[in-house]
Amino acid sequence: MFTDIFIAPFVEFEFMQRALVGVFALALGAGPVGAFLMLRRMSLTGDAMAHAILPGAAIGFLVSGLDLFALTIGGLAAGLLVAVGAGVVARATELKEDASLAAFYLISLALGVLILSLKGSNVDLLHVLFGTVLGLDDPTLLLVAGIATLTLVTLAVIWRPLVLECVDPAFLSSVSRAGALAHIAFLAMVVLNLVGGFHALGTLLSVGLMMLPAATARFWVRDLTALVVCATAIAFVSGVVGLLVSYHLGAPSGPAIILVAGVAYLFSVVLGPAGGILARRWPRRHLEA
Amino acid sequence: MSAAPGDAPALRFRNLTLGYERHPAVHHLSGEVETGALLAICGPNGAGKSTLLRGIMGQLRPLGGSIERAGVDPRDIAYLPQGAQVDRSFPISVYDMVCMGLWRSAGLFGGIGRKDREKVRAALAAVGLEGFECRPIGTLSGGQMQRTLFARLLLQDARLILLDEPFNALDAKTIADLLDLVRRWHGERRTILAVLHDFDLVRAHFPQTLLLARSPVAWGATAETLAPDNLLKARRMGEAWHDDAPACAA
Numbered sequence: 001m002f003t004d005i006f007i008a009p010f011v012e013f014e015f016m017q018r019a020l021v022g023v024f025a026l027a028l029g030a031g032p033v034g035a036f037l038m039l040r041r042m043s044l045t046g047d048a049m050a051h052a053i054l055p056g057a058a059i060g061f062l063v064s065g066l067d068l069f070a071l072t073i074g075g076l077a078a079g080l081l082v083a084v085g086a087g088v089v090a091r092a093t094e095l096k097e098d099a100s101l102a103a104f105y106l107i108s109l110a111l112g113v114l115i116l117s118l119k120g121s122n123v124d125l126l127h128v129l130f131g132t133v134l135g136l137d138d139p140t141l142l143l144v145a146g147i148a149t150l151t152l153v154t155l156a157v158i159w160r161p162l163v164l165e166c167v168d169p170a171f172l173s174s175v176s177r178a179g180a181l182a183h184i185a186f187l188a189m190v191v192l193n194l195v196g197g198f199h200a201l202g203t204l205l206s207v208g209l210m211m212l213p214a215a216t217a218r219f220w221v222r223d224l225t226a227l228v229v230c231a232t233a234i235a236f237v238s239g240v241v242g243l244l245v246s247y248h249l250g251a252p253s254g255p256a257i258i259l260v261a262g263v264a265y266l267f268s269v270v271l272g273p274a275g276g277i278l279a280r281r282w283p284r285r286h287l288e289a
Numbered sequence: 001m002s003a004a005p006g007d008a009p010a011l012r013f014r015n016l017t018l019g020y021e022r023h024p025a026v027h028h029l030s031g032e033v034e035t036g037a038l039l040a041i042c043g044p045n046g047a048g049k050s051t052l053l054r055g056i057m058g059q060l061r062p063l064g065g066s067i068e069r070a071g072v073d074p075r076d077i078a079y080l081p082q083g084a085q086v087d088r089s090f091p092i093s094v095y096d097m098v099c100m101g102l103w104r105s106a107g108l109f110g111g112i113g114r115k116d117r118e119k120v121r122a123a124l125a126a127v128g129l130e131g132f133e134c135r136p137i138g139t140l141s142g143g144q145m146q147r148t149l150f151a152r153l154l155l156q157d158a159r160l161i162l163l164d165e166p167f168n169a170l171d172a173k174t175i176a177d178l179l180d181l182v183r184r185w186h187g188e189r190r191t192i193l194a195v196l197h198d199f200d201l202v203r204a205h206f207p208q209t210l211l212l213a214r215s216p217v218a219w220g221a222t223a224e225t226l227a228p229d230n231l232l233k234a235r236r237m238g239e240a241w242h243d244d245a246p247a248c249a250a
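Going down the list, the protein sequences come from chains E and S. Using our numbering, you'd call the opening residue of the first sequence number 1 and step up by one each time. Using our numbering, you'd call the opening residue of the second sequence number 1 and step up by one each time.
Careful: at least some of the hints might be erroneous.
[As the list claims (entries may be wrong)] Result set (DMTMM-like, lysine to aspartate or glutamate): computed pairs, CA atoms no more than 25 angstroms apart in a straight line: (1) S:K173 / S:D229; (2) E:K96 / S:D157; (3) E:K96 / S:E133; (4) S:K115 / S:E188; (5) S:K115 / S:D76; (6) S:K173 / S:D116; (7) S:K115 / S:D87; (8) S:K173 / S:E188; (9) S:K119 / E:E97.
Since the hints were made in silico from the structure, they are not lab data. This one's a predicted model, so the numbers in the text were calculated from it and none came from an experiment.
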């Protein structure tokens, strides 16, 4: 019974094995990136970036069809342009990051829609919008795994300034200029992971595998390292359970994965020991000192 | 480090004007801060005290004049901004927070060795926070947070220290403890500039005072600077900007 439900699908079907590897790689990158997005209060930035990537990918699609390279380059270019542009404007002028990001991604979105309308819509574009985690080929898997590797290495390099910039940006800028660099490198990682994610989950849902596990983990642990590990684990488990749900119920896999992460989130909002509703409503008996 | 009197001054302001959108907040300030000075900066709200510190840190470009830092990189100055904007909800421990003071020696990748850990422990002890190592900063009181920030300042081991209203909203015991640290730094001939509002405290502990009211009102020995007529002059400063103010000719 257990084997039938949880193991057999992955043993029997190659596409499930590929999807399993895919969600593992995605979780490795998206978990930590999502945790930092949340801690930096940039949760909605991820969403904005996902919108910014869509037109880039669509342009790539219009130029050379469903080609991994074109889609990736298009998405990357659009995402990085918006990320770096918004970051530079936020640091060089009085405008705050959220406002400058909104400005840039709206421009990017409008531009994408305009270019799209020149050629008319296409059903294949659903691939870009919602991804095909069950149809990951070798090059795509390599891309996603490569992005996960690069993300982990980059985060290790910029860890200190990244943390410091979240806790006490004024202090960091008083002792070092690494803050701006770390910030831009981090935004690049956000874009890379969203681009990696859109092949599996689509541009709009890929941000879900970042934010939902991170927000969920916040209800269970209070330590930074634990938060990052926990978010990654939750992302992976959501991926696996989502794949199984999609397999057994015949539901589309992308939304299934994100919905599983969503259920975990709602569950944690109520039951999480670190600030969940129940823990707040009925706190444990207070200590003596 | 022993420095004889007659050292190059730690800071020299030459006809310095700092401000925002062309409106001066510090107006035509000239003078020198000797190495090893313990200088209080007083003045009414809006007098340009914090602006002056930001200028020294290089965070504001002077509208006129200049600041000489005796060859010290602003990043080697220890600066405690007013109501330091620390994200208290961030999941980080007191220990890690204080470790940030080692940035200049450890940097991006440098390890934090046994000696450094000793230093961190000593700094925590110096501010009376033994046993707080593992506490998340979100659980600290205002005074404990300020002690944490002072421990971090200790580790920065800077020759020039800028404190912007460091004792706001602290109880007498905490102020006394932190003042001890300031005196210790002074004994080590570090140069300290502190923005303060409590005149009694300044008279008791700070040999020199700069009284600012956008323009410098007085600068010198504390007792003379904080004389009643100077204070009255400082209080008369107009706070409002004048949009139609003519360009300053001086």
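To see whether the hints hold, each was checked on the structure:
no.: 1; hint: S:K173 / S:D229; result: violated (32 angstroms)
no.: 2; hint: E:K96 / S:D157; result: violated (33 angstroms)
no.: 3; hint: E:K96 / S:E133; result: violated (34 angstroms)
no.: 4; hint: S:K115 / S:E188; result: holds (21 angstroms)
no.: 5; hint: S:K115 / S:D76; result: holds (21 angstroms)
no.: 6; hint: S:K173 / S:D116; result: violated (28 angstroms)
no.: 7; hint: S:K115 / S:D87; result: violated (29 angstroms)
no.: 8; hint: S:K173 / S:E188; result: holds (23 angstroms)
no.: 9; hint: S:K119 / E:E97; result: violated (37 angstroms)
The structure does not agree with the numbered hints 1, 2, 3, 6, 7 and 9 stated previously, though it agrees with the rest.
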